[in-house]
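Undergrad: Read in order, the letters of the sequence shown are residues -30 to -1, 1 to 414 in mature numbering (1 follows the signal peptide of the UniProt record, and there is no 0).
Any given hint could turn out to be false.
As the list claims (entries may be wrong) - Restraint ranges, calculated between C-beta atoms of paired labels, are given here:
hint, residue 1, residue 2, range
1, Q302, K70, 50 to 58 Å
2, T55, G150, 46 to 54 Å
3, T55, P274, 42 to 50 Å
4, G150, Q397, 20 to 28 Å
5, R303, K70, 50 to 58 Å
6, R176, Y352, 24 to 32 Å
7, G331, T55, 55 to 63 Å
8, G175, V215, 15 to 23 Å
9, Q380, Y171, 21 to 29 Å
What the hints contain is simulated information worked out from the structure, not anything from laboratory work.
Quick reminder that beta carbons are idealized off the backbone N, C-alpha and C, glycines included.
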Amino acid sequence: MTTRQTLTALRRAIALAAVMIMAVAVQAKAELHLDITTGNVQPLPIAVTQFYGEAVGAQIANVVEADLERSGLFRPLDHRAFIQTPDQLANGLPRYGDWKVINAQALVSGTASVQPDGRLKVEFRLFDVLAQQQLTGLAYFTQPDGWRRIAHIIADAIYKRITGEDGYFDTRIVYIAESGPATARQKRLAIMDQDGENNLYLTDGRVLVLTPRFSPTAQEITYLSYFNNRPRVYIFNVDTGRQEVLGDFPGMTFAPRFSPDGNKVIMSLAQNGNTDIYLLDLRTRRQTRLTDNPAIDTAPSFSPDGSKITFESDRGGSQQIYTMNADGTNVQRITFGAGKYGTPVWSPRGDLIAFTRINGGRFSIGVIRPDGSGERELSTGYLVEGPTWAPNGRVLMYFKEKPTGEGGRQRQVRLYSIDLTGRNERQMLTPTDASDPAWSPLIP
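Turn these sequences into a full structure, and let the hints guide you.
TA: So this is what it looks like as structure tokens:
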């Protein structure tokens, strides 16, 4: 199967029908809720049973469980402690006492069955064990090869029902896959599910690619590539596998990124020895210059409502982070710490801006409010940079380089995720070294 065919299959309509499974009426009680806005959240004990029926049901349950555990907000319980079996749950209500005795606070059960038309039907139910009531239940229909995405959708539904906020499991990561020696490094555009599965290479490595970024619909990726040693901005269509040159600009081009409405791309262009920020309308191909300063202005990122832009600049004497209106007016500096600040990215929630900071040879990933208050570090290391936000604004991903081998002469570059508390740092599994990640919105 070609890359184009595989991507098309992955994006096939999954939930042709989503049916709410109604709960048996029970007396109203205080519902289970996990407040993730506090600084230190204890993981919620949750029992995720194997989905009864087709063999794929066990695989679906395993992916749901892994998604929830990786968030750091849930603590899946050992299946060997379960008393009630999946078939008993499929044919009746939970025996809540069997789940309370193993300290489960939430319970997930489900079924998987093949329909006469060949589609896979997947049902799940989420129960509050202490209140002894069903919290939600849904049924999904999909083609058999869509089971993994259904599992991510179920994990998102559980996350939202218990936390009150959108999940981020039904998403993808585009990144730069790196291989080869430092003197002849091969860099390919790659894409994978947020859990590292379904990894695909979108380019063959013959030309250098950098800074991939998703469109708001997750259907397109913009990135920078060097063709004949000349920088070009491309757009890659995830559905069709088709790519087109967005522009062949004079001078150097850096850090292209979509506007929130997907109709424009913002980037920095270096012309006549000066680097400024420009906006390109994708419909008319008209360029608008937003900054005009002798300093280097680069790495622009829109606020989620499109009214503001954050960027990095050395106009104040050192590399710092600034904000401005979308038309380039009202430029404000928001960082004043020692060292250099760069790669600012506005949170999808609009409340924070993530950044990379370099101070005295020490790298860190941090966040700051758009007004310059509340700056704090989340992760530090030998080299950590390039933050990107999960679509719910609660988790960040970035890449980290570590010296390896005898005397630290070799390096290993990997992707990591961390939540806004600075806890639950996890390494992402990739086939090769990986850098410069970009997180997609929830897949339509």
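Undergrad: So, for every hint listed, does it hold in this structure?
TA: Going down the list of hints, with the structure as the test:
no.: 1; hint: Q302 with K70: 50 to 58 Å; result: 54 Å, holds
no.: 2; hint: T55 with G150: 46 to 54 Å; result: 51 Å, holds
no.: 3; hint: T55 with P274: 42 to 50 Å; result: 46 Å, holds
no.: 4; hint: G150 with Q397: 20 to 28 Å; result: 21 Å, holds
no.: 5; hint: R303 with K70: 50 to 58 Å; result: 55 Å, holds
no.: 6; hint: R176 with Y352: 24 to 32 Å; result: 30 Å, holds
no.: 7; hint: G331 with T55: 55 to 63 Å; result: 57 Å, holds
no.: 8; hint: G175 with V215: 15 to 23 Å; result: 19 Å, holds
no.: 9; hint: Q380 with Y171: 21 to 29 Å; result: 23 Å, holds
Violated hints for the displayed structure: none, as all numbered hints are satisfied.
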